[in-house]
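Working from the sequences, and respecting the hints, build out all of it.
What follows is each chain in one-letter form.
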Amino acid sequence: MSASGIFAGVRILEFGSGAAGPVATRYFAEQGARVIRVESAKRPDFLRLLHGPDPDAAPMFALLNPDKESVALNLAEPAAREIAERLVDWADVVAENFSPGVMARLGLDPERLRETRPQLITVSGCLFGQTGPQRAYPGFGGQGAAIAGFNHLTGWPDREAVGPYATITDSLSPRYVALAVAAALLERRRTGLGRAIDLSQIETGVFSLSEMIVRQSAGAPEAMRRGNHCEYAAPHAVYPCRGDDRWIAIAVFDDAQWLALRGVLDECEGGDDWGGDERFSTVAGRLAHEDEIDGRIADRTRDRDPRELMHSLQSAGVEAGVVQNFDDVLNDPQLAHRDHFQKLTHPRLGELSFERSALRFSENPGSVARPGPLLGEHTRVVLKEILGASPEQIDRWIRDEVLV
Amino acid sequence: MLAGFRILDLSDERGHLAGKILGDMGADVIKVEPPGGDPLRRRAPFLGGLEDPERGLAWLAHNTSKRGITLDLAPLAGRALFSRLVARADVVLESFAPGTMEGWGVGWEILSAENPSLVYCAITPFGRTGPYADYAAHDLVTVALGGNASMTGDADRPPVRCSLPTAYFHAAPEAALGIVMALYARDAGGPGQLVDVSMQECQVATLLSGVGQYERRGALGVRAGARLGRTREIWPAADGFVTFGLRGGHARTKNLIATVEYMAECGMAPDWLRELDWSSYRPEQLSAGELDRLEAAFGAFFESRTMGELYEQALRRRILLAPCNDPAAVLAHPQLRDRELFVEVESPDPQVQLEQPSFFARAGKDGIAIRRRAPRLGEHNDEVYGELGIGSHQLGELRDEGAL
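Residue numbers (our numbering), protein chains in the order written: chain H, 1 to 404; chain P, 1001 to 1404.
Simulated from the structure, these hints should not be mistaken for laboratory data. This structure is a prediction, so every number in the text was calculated from the model and none was measured. Ideal Cβ placement from N, Cα and C applies to all residues, glycine included. Incorrect hints may appear among the rest.
[What the hints assert, rightly or not] Just the calculated beta-carbon pair ranges, DEER-fashion:
hint, chain 1, residue 1, chain 2, residue 2, range
1, P, ARG1282, H, PRO138, 16 to 24 angstroms
2, H, VAL283, P, GLU1344, 17 to 25 angstroms
3, H, ALA284, P, ARG1282, 28 to 36 angstroms
4, H, ARG302, P, ALA1238, 54 to 62 angstroms
5, P, ALA1188, H, ARG86, 46 to 54 angstroms
[Stated by the list, open to error] Here chain P is said to cover these stretches of chain H; the calculated rule only asks that three of the stretch's residues, wherever they fall, bring their Cβ under 8 angstroms from a Cβ of chain P:
hint, region
6, 175 to 183
7, 281 to 289
The structure is reproduced here in structure tokens:
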């Protein structure tokens, strides 16, 4: 937590699990908000069990939840639900990504909470939203990406619709959750009123694909997966380089870049005129012959070091980038310049590289200071500070399986 | 939600969606285009196939809820006019290569000196400073250097990107969030500030902590196409593809049992499959032969059914299966229709109705919705410059001087 953070003083109470919800509140924690996660050993976040039975030794959970506090609250117990409601009284924002109806069953549905607390901001972020005939659909992010259209758009035209790596709705939706909450906080300064935000992870995906939808409704050629090819640029693909599974991405948008690419790739081949064919001299011509051009480029990149080639091409004004694997990303000089990775020591997992957001503010640097919490690590301090509970009362609640 | 904030959007295709998001949230977003129009206006496909800067479908999709003006920043008169616009604005959003705005004499330092409460957001591929700051990138090269491409696609082919620009899709809400955060800091009494957004860092975020997990584990993953590790995720159906994980784990047991029941009812579950104990299913412990047999049984079943039939039963039986929807299926989706995600937006051709997603979240009254169609080139010159007190005569002079 940074005292000078943009959200210093903002209080967020978080329910839910997985990536989509918890990633959203990180933006606030990085800028000084106090974020308290309500969890329970009775039903741990599935990310805590992804790598084994110990909920406190789960790298993915720890990495996605830095700078948060964890309160163990067994919401099956009425006393725990009373405690939760008192934590809501403390909060400016209640964020959750349960299936629709779960918060209501816990007596914590946003509408009810906001009846007596109109200043409260609530955000619900499940897969399909809080309304509609399919709201109870039980899928994960992988299903969300497929439903939104990302699978259809990713892969090779002659093969399966594979979708982008990881689950894109899990990386798109938290950005929109955070944006909606930040805007509601900004608005509340002027109006004194909060908002209830109903966000569907799938809809954030479809919203992102507005171009695909507009094209479809216009009866224009359907947006479709086309490997790395691009409808308006060629060459535009990924080419082999020297080494095991080493590749370079090259994107040429105009004739000047095409000439520059030919210049760089001629250098290494003793000046053969592989790209001088009249058919390749315009964008339309290159698009019409892109497979042939791709083959010629691949023959000339195959024995080159991808990083050196990237530097040569970029220096010549051609968009090019190494297809970086995770090791390259970890050691990327540009990301290092931006301090993207922050090393912190987790009590169970040792040193881990945590990530910052993609935002750098000139006045508010923000910070990533503490690894994701152990389950219930902050139960005592939160109940003492916020509820004023005595150590004896807390012991009783622990014994009664309220605080587990 | 953002009524009362004025944003000058000078961005190109890398930032159009960020400006649209803020406009859809109620901000007064003014798209500032060079006199010839934004290059995206000339991107095919066009409405009705007619090449016309007012009919580019990508342009129309990403510029709703904005007013539009033309302004040439190169001549002195244009620069002076821009200063007057900035004096009345809260935010400047741009996505030029670093140094471009400085070259015109309207860089962050100068504008900030003129208007200390200005928020200035720059979206760049890699950030405004650092070893790759001057490298050029649009989507493909960003996705390559950000790590996602290395894991997307099949092992026997090059890494692959999504055919619509996911680099922009992530950077846009991140930038919009950064802008709202800076406004929040400013409205607490702070100064305006620079928000420096790296598209590459947004891409690293799509890995959902994958790099930190890799560092701990020490082994690189491999592109697995339609699979996740050993088990298949993407399956051919009779009329397309569906996603269904043959993964193990407690969260998936019930769904595997329900799937086999469904197959049995259709007479497509062999005896050995019906007798399997899914509670102890551990695909990582099966031999290749055993996995093949399982995959063949599920595969034959999915291939015998349409995506629609399978999804209908998945909803009924709570099976974690979803169709890889094509654009037509997304646009017709009953859940999205029920939530009124799609709205008709005024089209340049009255004969053709254009539809597009109206919101990324439901936020209640005066919340998030498309406010107006994308502007025609220079459509609001009179209106916006009129608000600066510039009459039509003076506007004509400025036009003659080449400022517009």
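If I claimed the Cβ atoms of H/ARG302 and P/ALA1238 lie 54 to 62 angstroms apart, would that claim hold in this structure?
violated, 40 angstroms
May I ask you to test the hint 16 to 24 angstroms on the CB atoms belonging to P/ARG1282 and H/PRO138?
holds, 22 angstroms
Taking the CB of H/ALA284 and the CB of P/ARG1282, does the distance hold inside 28 to 36 angstroms?
violated, 54 angstroms
Establish whether the coverage given for the region 175 to 183 of chain H by chain P is satisfied; the threshold is a Cβ-Cβ distance below 8 angstroms, and no fewer than three residues must meet it.
holds (count 8)
Is the hinted range of 17 to 25 angstroms satisfied by the C-beta distance from H/VAL283 to P/GLU1344?
Since H/VAL283 and P/GLU1344 have Cβ atoms about 34 angstroms apart, the given range 17 to 25 angstroms is violated.
Starting from the hint 46 to 54 angstroms, judge whether the C-beta atoms of P/ALA1188 and H/ARG86 obey it.
Given range 46 to 54 angstroms: violated, Cβ gap about 27 angstroms.
Would you check chain P against the region 281 to 289 of chain H, counting CB to CB pairs closer than 8 angstroms, and say if three or more residues qualify?
With 0 residues in contact (Cβ-Cβ under 8 angstroms with chain P), the coverage given for the region 281 to 289 of chain H is violated.
Checked against the numbered hints above, the structure breaks hints 2, 3, 4, 5 and 7 and satisfies the rest.
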